[in-house]
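Asker: For this one, chain A is given, so just place chain B on it according to the hints.
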Amino acid sequence: MTHPFTAALIFATPLVVILAFIAMALLDRRRRGFVQGPGFFQRNGTPIAIFLIGAAVFWALILIVFPQLYMVDYSFHPKLPQIKRGGPEDIYTLENYRYFLFGSTRNTDHWNTTHLNAFWITIFVSTIITIVNFAICYPLAYFMAQVAKPQTVLKLMVLLVIPYWINEILRAFAFRILLGTGGLINNVAIAAGLISEPVDFIGHDVALYAGLTYAYLLIMMFPLYNAIESLDRNQIEAARDLGAPWWHIHLFVVMPFAKPGIASGATLVFMLCAGALAAPLVLGGPKTLWFTPIVYDRFFQAFNWPQGSAYAMILLLTCMAFVSLTMRLFKVSLSEITR
Amino acid sequence: MSADIELDRVTIRFGDFTAVKDVSLRINGGEFFSILGPSGCGKTTLLRTISGFLEPTEGAVRIAGQDMAGIGSNKRPTALIFQNLALFPLMSVAENIGYGLRVRGVPKAERKRRADELLRLVALPDQGDKRISELSGGQKQRVAVARALAVEPKVLLLDEPLSALDLRLRQHMRTELRAIQKRVGITFIYITHDQGEALTMSDRIAVMNAGHVEQVGDGRAVYDRPATPFVASFVGENNGVSGIVEDIAVGMASLKTPLGVLKGRAGAGLTQGALATIFLRPEALQLCPPGAAPDLTAEFVNSAFEGNFTLVFLRAANGQPMTMSVGRGADIATLAPGAPVGLTFSSADALVLPLSRNE
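As they're listed, the protein sequences go chains A and B. Residue numbers 1 to 339, in the working numbering, belong to the letters of the first sequence in order. Residue numbers 1001 to 1359, in the working numbering, belong to the letters of the second sequence in order.
So here's chain A without its partners, still in its complex pose (with noise of 0.2 Å):
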């Protein structure tokens, strides 16, 4: 189906970035002249060593990189019958990008808006869900890592952590029953006299946003605790005794210290948002524009993979992208992130 040349170049390239890397190991060990400490094999013993490094590289190689590298190759392929594939037809095209800027493979008279604007609405709304995120954490993070008393930390962490023991399509129906015309709110709403007809949260997305913030809000919580909590706390006091207003000393001494957390946080909440699948199958509205479903129905509903690929590298490249450009924009650089 592949071209062998094709074939060859998914399956030779990460080798060739892989043994680049060797070289320069190896070359940067020969102009230092020493070695320090134990090699990885003498300290892990060879057996463990061989496990490790191919477990890594099963992970790394098998799990992500060659898939992704086939999926950049089928996106840039039509859509054929098996028994086509390798033919004469199977030539490189970029109809699949076409097909997602205009809803046609051919001509490019009008915008593919549906597509354009369920891509924009999920990139958007995952920004906003990260900010909402943040504001909801950085408050809670900030009590907890350091104002309140240990067993108090322990007791919210246990009320965070217990929600999410359920199944994150559970936790989804959990909301539409909440918010649904039928739902708790309505009937209450409605009981209280506080509305007359029932607010129909998901024709709305109020649900789906709603959901969406709730699912990632642990993912925002956590790098967030931990690096507020590695704040000392004389520093705040410090920033206080020089005359600081709370606000200032959060904007200037706790956030700046915060920001590897705060990118990481933002970083992990966004991608999953834009690519979540659960939240906006279960809580999506009828008109509901979501971009992942789109990607599946052309995997699944239109059996169309070249076309699934595209979309899933048009969403993959934008968001990182977007996240790169934030991280520059707040000059967060990527080590400080996975520290």
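By construction, these hints were calculated from the structure, which means they are not laboratory data. Ideal Cβ positions, reconstructed from N, Cα and C, are used throughout, including at glycine. Accuracy of the hints is not assured; some may be wrong.
[Stated by the list, open to error] Have a look at the derived ranges for each label pair, beta carbon to beta carbon:
| id | chain 1 | residue 1 | chain 2 | residue 2 | range |
| --- | --- | --- | --- | --- | --- |
| 1 | B | Thr1011 | A | Lys331 | 45 to 51 Å |
| 2 | B | Thr1057 | A | Phe173 | 50 to 56 Å |
| 3 | A | His204 | B | Ala1109 | 49 to 55 Å |
| 4 | A | Leu194 | B | Ser1024 | 56 to 62 Å |
| 5 | B | Gln1320 | A | Gln146 | 46 to 52 Å |
| 6 | A | Leu251 | B | Arg1026 | 38 to 44 Å |
| 7 | A | Ile53 | B | Ala1304 | 56 to 62 Å |
| 8 | B | Lys1182 | A | Leu156 | 34 to 40 Å |
| 9 | A | Val158 | B | Ser1242 | 46 to 52 Å |
| 10 | B | Ala1304 | A | Arg30 | 53 to 59 Å |
| 11 | B | Asp1166 | A | Lys331 | 35 to 41 Å |
[What the hints assert, rightly or not] Derived BS3-like pairs: lysine-lysine, alpha-carbon spacing no greater than 27 Å straight-line:
| id | chain 1 | residue 1 | chain 2 | residue 2 |
| --- | --- | --- | --- | --- |
| 12 | B | Lys1112 | A | Lys259 |
| 13 | B | Lys1021 | A | Lys149 |
| 14 | B | Lys1108 | B | Lys1154 |
| 15 | A | Lys149 | A | Lys287 |
[Unchecked claim] One-sided and incomplete, this derived list gives chain A residues near chain B with beta-carbon spacing under 8 Å:
| id | residue |
| --- | --- |
| 16 | Ala239 |
| 17 | Arg240 |
| 18 | Asp241 |
| 19 | Pro245 |
| 20 | Trp247 |
| 21 | Met255 |
| 22 | Pro256 |
| 23 | Pro260 |
Answerer: Same frame as chain A, now just chain B:
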């Protein structure tokens, strides 16, 4: 510029624990005032109360006559130097110093000018652009002082800031801090457990123990005329011998001890027949000249040569260890462990203090 500080019957409790009990102090404007005490005596709690991080459970803190109750630490005319300095690691030296001014809305150029000025004051000229991590311990110390002085406090509070430095640097920073205080002329309140620091820098010292103030006075008063047995044994070395007061006359007291009747100046509150302790400084003890009657006898244990003097460790007749310091001229080389040593002292150099109620 400087301001008087008044602590009026301040008590601070944390739950059941009373960290500071009924402390009243008056610190004069422009004074270098030390609060000296062992760790856990409540001195840091007291400092945090003055700076506004804690509110007194009872009593009042007044700065320049104004009651500080309900006034947060960011609104008080005090600046605190933390034990670990708490410099902001992500800001440069100049940004650290300028932080308090930035909070007050001082424009950037003015902040830069003030930072340069303060860096010269603390003898770190042209280091404003450095990162905090590039500084040595002593330099960080100076930056912390400059940062605190930048907000022009009326009172500078220092919480054992020198404790992390090595001995030589610490001694150097003592003189430095004292000089800075003289130059800026504001009140310094210095917390320490190191009596050497307190004695060398301070105008006056308050000695604290277990949450209360035992004595307030200048270095000489605290060292020569300790008011309580705690002060006598905490400030400087002291040999205490306990006994019963036999007789008090014209300011002198005789104490009947297991080592014989010893005579010294009578401290306040002595009553005949009560338990008391006589304190003999190592430098007050002398070797008894041959032929004279010794006031005390003890046996030689060993000695430590300290350069300009030698410490002699002795064991008194009742088994209690004693320390004596002798000058270079003293002949102790011939003494073997266990050899009897006769000691004399001038009763004017000895002090008899009553055992306090809580001991």
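Asker: Each hint should be assessed against the structure and marked as holding or not.
Answerer: Okay, the hints, checked on the actual structure:
1. B:Thr1011 / A:Lys331: 45 to 51 Å: This hint holds: roughly 49 Å between Cβ atoms.
2. B:Thr1057 / A:Phe173: 50 to 56 Å: holds, 53 Å
3. A:His204 / B:Ala1109: 49 to 55 Å: About 52 Å separates the Cβ atoms of A:His204 and B:Ala1109, which means 49 to 55 Å holds.
4. A:Leu194 / B:Ser1024: 56 to 62 Å: 60 Å Cβ-Cβ, so the 56 to 62 Å window holds.
5. B:Gln1320 / A:Gln146: 46 to 52 Å: Since the Cβ atoms of B:Gln1320 and A:Gln146 sit about 50 Å apart, the hinted range of 46 to 52 Å holds.
6. A:Leu251 / B:Arg1026: 38 to 44 Å: Holds, at about 40 Å.
7. A:Ile53 / B:Ala1304: 56 to 62 Å: Distance hint for A:Ile53, B:Ala1304 holds at roughly 60 Å.
8. B:Lys1182 / A:Leu156: 34 to 40 Å: With a Cβ separation near 51 Å, B:Lys1182 and A:Leu156 fall outside 34 to 40 Å, so the hint is violated.
9. A:Val158 / B:Ser1242: 46 to 52 Å: Taking Cβ atoms as reference, A:Val158 and B:Ser1242 lie about 57 Å apart, which means the hint is violated.
10. B:Ala1304 / A:Arg30: 53 to 59 Å: Given a distance of about 55 Å, which is inside 53 to 59 Å, the answer is holds.
11. B:Asp1166 / A:Lys331: 35 to 41 Å: Given about 37 Å between the Cβ atoms, the range holds.
12. B:Lys1112 / A:Lys259: holds, 26 Å
13. B:Lys1021 / A:Lys149: Holds: B:Lys1021 and A:Lys149 sit about 26 Å apart, inside 27 Å.
14. B:Lys1108 / B:Lys1154: At roughly 24 Å apart (the allowed maximum being 27 Å), B:Lys1154 and B:Lys1108 satisfy the hint.
15. A:Lys149 / A:Lys287: The given pair, whose Cα atoms are some 47 Å apart, is violated under the 27 Å limit.
16. Ala239: holds, 7 Å
17. Arg240: Cβ of A:Arg240 sits 5 Å from chain B, so the hint holds.
18. Asp241: At about 5 Å, which falls below the 8 Å cut-off, the nearest Cβ of chain B leaves the hint on A:Asp241 intact, so it holds.
19. Pro245: Since the shortest Cβ distance to chain B is 7 Å, the answer is holds.
20. Trp247: violated, 11 Å
21. Met255: violated, 10 Å
22. Pro256: Since chain B brings a Cβ to about 5 Å from A:Pro256, closer than 8 Å, the hint holds.
23. Pro260: violated, 11 Å
Figure legend: structure checked against the earlier numbered hints; hints not met, in rising order: 8, 9, 15, 20, 21, 23.
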